[in-house]
Amino acid sequence: MLAYIAKRLLAAIPVLFGLSIIVFGIMALIPGDTATAILGAYATPENVARVNRELGLDRTLPEQYWVWITNVLQGDFGRSYNLNRPVLDEILERYSATLVLAGVSLVLCSIFGLLAGIVSAVRQFGWADRIITFFVLIGISMPAFWLGLLLILLFAVQWRILPASGMFAVYGGGDFMDLLRHLILPAVTLAVVATGVIARLTRASMLEVLRQDFVRTARAKGLSERKVIYAHAFKAAFVNVIPVIGIQAGFVLGGAVYVETVFQWPGIGAMLVNAISTRDILLVQGGVLLVAASYVLFNLVADVCQALLDPRLKT
Amino acid sequence: MSQIAASSPATEPSARLSSWSLLLNNRLATGGLIVLGIIALLAILAPLLPLDNPNATAPADRLQPPFSEGHLLGTDQLGRDILSRLIWGSQVSIAVGLSATAIAALAGSLIGLIAGFARGRTDNILMRLIDMLMAFPYILLALAIVAVLGPGLLNALYAIAIVNIPFFARNVRGVTIGLASREFVDAARLSGKSWLAILFTEVLPNVLPVIVITMSTTVGWMILETAGLSFLGLGAQPPQSDLGSMLGEGRSLLFNAPHVSIIPGLMIFALVMSINLLGDGVRDVLDPRLRAGDLTRPRAVTRIERKTKPKSTIDTDAILDVRGLETSFQRGRSAFPAVKSVSFSVKKGECLGLIGESGSGKSVTALSLLGLVASPPGVITEGAAYIEGEDVLSKSETGIRALRGAKVAYVFQDPLTTLHPLYKVGDQIAEAILAHQPVSKDEAKKRAVDLMEQVGIRDAAERVDAFPHQMSGGQRQRIGIAMALANDPDIIIADEPTTALDVTVQAKILDLLQDLRTKRGLALLLITHDFGVVAQVCDKVAVMKDGEIVEAGVTEAVLRDPQHAYTQKLKACVPELGQGKAFLDGVRPLFAEAAQ
Chain A
70 MLAYIAKRLL
80 AAIPVLFGLS
90 IIVFGIMALI
100 PGDTATAILG
110 AYATPENVAR
120 VNRELGLDRT
130 LPEQYWVWIT
140 NVLQGDFGRS
150 YNLNRPVLDE
160 ILERYSATLV
170 LAGVSLVLCS
180 IFGLLAGIVS
190 AVRQFGWADR
200 IITFFVLIGI
210 SMPAFWLGLL
220 LILLFAVQWR
230 ILPASGMFAV
240 YGGGDFMDLL
250 RHLILPAVTL
260 AVVATGVIAR
270 LTRASMLEVL
280 RQDFVRTARA
290 KGLSERKVIY
300 AHAFKAAFVN
310 VIPVIGIQAG
320 FVLGGAVYVE
330 TVFQWPGIGA
340 MLVNAISTRD
350 ILLVQGGVLL
360 VAASYVLFNL
370 VADVCQALLD
380 PRLKT
Chain B
143 MSQIAASSPA
153 TEPSARLSSW
163 SLLLNNRLAT
173 GGLIVLGIIA
183 LLAILAPLLP
193 LDNPNATAPA
203 DRLQPPFSEG
213 HLLGTDQLGR
223 DILSRLIWGS
233 QVSIAVGLSA
243 TAIAALAGSL
253 IGLIAGFARG
263 RTDNILMRLI
273 DMLMAFPYIL
283 LALAIVAVLG
293 PGLLNALYAI
303 AIVNIPFFAR
313 NVRGVTIGLA
323 SREFVDAARL
333 SGKSWLAILF
343 TEVLPNVLPV
353 IVITMSTTVG
363 WMILETAGLS
373 FLGLGAQPPQ
383 SDLGSMLGEG
393 RSLLFNAPHV
403 SIIPGLMIFA
413 LVMSINLLGD
423 GVRDVLDPRL
433 RAGDLTRPRA
443 VTRIERKTKP
453 KSTIDTDAIL
463 DVRGLETSFQ
473 RGRSAFPAVK
483 SVSFSVKKGE
493 CLGLIGESGS
503 GKSVTALSLL
513 GLVASPPGVI
523 TEGAAYIEGE
533 DVLSKSETGI
543 RALRGAKVAY
553 VFQDPLTTLH
563 PLYKVGDQIA
573 EAILAHQPVS
583 KDEAKKRAVD
593 LMEQVGIRDA
603 AERVDAFPHQ
613 MSGGQRQRIG
623 IAMALANDPD
633 IIIADEPTTA
643 LDVTVQAKIL
653 DLLQDLRTKR
663 GLALLLITHD
673 FGVVAQVCDK
683 VAVMKDGEIV
693 EAGVTEAVLR
703 DPQHAYTQKL
713 KACVPELGQG
723 KAFLDGVRPL
733 FAEAAQ
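If you read the sequences in order, they're chains A and B. Quick note: to get my numbering, add 69 to the position in the first sequence (first position is 1). Quick note: to get my numbering, add 142 to the position in the second sequence (first position is 1).
Hints are computed from structural coordinates only; laboratory data are not their basis. A virtual CB, placed ideally from N, CA and C, is assigned to each residue, including glycine. Hints should not be assumed to be uniformly reliable.
Claimed, not checked - Far from chain B, some chain A residues (derived; all Cβ distances over 10 angstroms): (1) 119; (2) 136; (3) 196; (4) 250; (5) 341; (6) 373.
As the list claims (entries may be wrong) - Below are the BS3-like pairs computed for lysine-lysine, each with C-alpha atoms no more than 30 angstroms apart in a straight line: (7) 711(B) to 489(B); (8) 587(B) to 383(A); (9) 383(A) to 588(B); (10) 587(B) to 482(B); (11) 383(A) to 711(B).
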């Protein structure tokens, strides 16, 4: 198993390398002159040349990449011009808030997606299946940014039982219960689409597995239908669903952009939107790199989980 | 997915409906089509409709609620008519979504076609690039692209299109690879066509359905995501507006005038949902596997709908007595009989061989006895299966389950697919014991090791923790037999137990079965297509053809003097050493028949 994990980690290195090139390319492709952006439109050519030299912008792109990547690997992502603080500090702080939100959402969508998919497959064509199918269709068509507003209207404005925005109450907040209260609406909003996708795939995978020969063998042994479905069919179906959950991690991390904006959650998604609007390129660069790298890691974890359950993959 | 396919009646292969009527048969897809049609019509006709100017501000009339005079859906913070803005905004959103889809489909399909057709290094480089794009979380990549291009509706469109390229590239490449090695492509190559001509005249037409399916499943997403970027303020910039930017601008008024943001959101939702419903319908029509309705869940016991109710108990000296069994497969409204009035009996300690070519109904007969035929489509329509004089098919589901694996056990063909790939073989055997006997888990596991030793697996104590894929074919089949023996059954039904094995292993497995039969006195129903096997093991034989038993009797008598022409042909298929040309002459009529 350790050998398998090591192999997967090694295989992730070129992917991370490719990611870093794309992310670096983003900065290089940005139209406009960075030195002029710093010094203003009336800078003298001498000053522009000096700033370019200081920032290393007079060198070739591969050289610039080399300087940048070695700095990044040492934890130096540069400084944010607007926030006037190191990019690393800002993105780590923001990222931890996003991780809380995305993590809870991922747990929610996995649990409910799997449950809904199983029930839907087992009660195929029954009323439960129809209702779940209908809600899944609604779920995967739902704009998260709109659903968030609806939930705020209902739970925060109409019924006044949950806070409308933020991560902690401004006065007297800060404990775990306070965080939980603030988490519910954004986490549910973020989980809805992924729940639909997972439910759909679980249903399809269950129906496919239930047709297979080893399920017939389980029945021929005289096992109860409950065992046939949950011990035999679901185990095989679950193995197929795990990578999909890994992919949903990407959708949840991406969807956080909307949800954090709607609920003013102090996460990295909302930060990126602001940074793009204010053209704070180093902040965008660092944030995108961090989230993309963590997504690679999530997928790796999903692969390892799959191999843990399926001995055939452990080679 | 099949939930959509299910709502439309299953089609009969003989009368295949046209794609359009198939789509319209699907209620949800039709609903989606109607809603989408209305929205699209409104959007197209926007210039002709008696609407206010969507950009005409009227500060005096600001934030009118819906249904107020002159403003059906109210007004926004600048007094602009929301209905008018909604319809004009829909026009923008639909146009942007469709353009993004077209760009993504064009670029992605081109990459997929070239990669799949050229293979080799081109394929490798292109696909690594696609993988790179997919390594980004979906929306994040779009954000990064907008960061490069700067906010704006057109830039958002490009961003969303680029993000969706991988879906097209991957799907199209997959199909192209399959097509590139097909005969008609080879033929075109030999006829001297250039590769470009082959790609566009031979391959592309066959790839089109995949492109259409991918378009229909991604266009909803693309509309949603471009609206999302506009919502974030990175797409449409004022005064231009689409549904997303309307929603985004109205958000700050959520507490005072929720309708300003809720109404455009509802429109996005209706648009995307109707597209998704239609998209699901389109995919079901174009994906033949779903069209056949294959993915329905089989029930625990085959559906039993016998026209006449047989006696539930009879007097018989046979341990297994099958009378007038009929099983058919239902496709749509028509039923295809697979087993037609089959009767036979097996006594204790006896072995009956059920022989016939594939498709003759012998396996279905065997599976019908304990209701193991997948249902749907299987239905048992007539007859009875008496075990010790009691009809199995009259029993409840629980009653049948109590027999399965206990009094009657199955050994299946190809144990690689019939054993669960994710459970250790020992656990699978132990599970069979635990299903019928009140013993502890440890005890069951110990017995599993014993059983494995009995069926001749060396190092059973070690192999007990092996997974099926770690064993050889012969060993796996032994596991299957050990599992069948777990509860000391009276009857074993072995369905082609040696077909997947090579000849030496086959002989050993047959010896093992023979040995068990004489030692334990169990009745054996052996299903095979091989007269050699029958001659070696069986006391009696029944020959099946097209779902009927055409000849039955004591093995030696049938072998010595086959009455039915089909039996003679089957017998001729058993080659003997030194027979040579005579053997080929013997099997020739079979091929002639198969060719008809």
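Next item on the list: Against the earlier hints, flag every one the structure doesn't satisfy and list their numbers going up.
Entry: Violated hints (numbers, rising): 5, 10, 11; every other hint is consistent with the structure.
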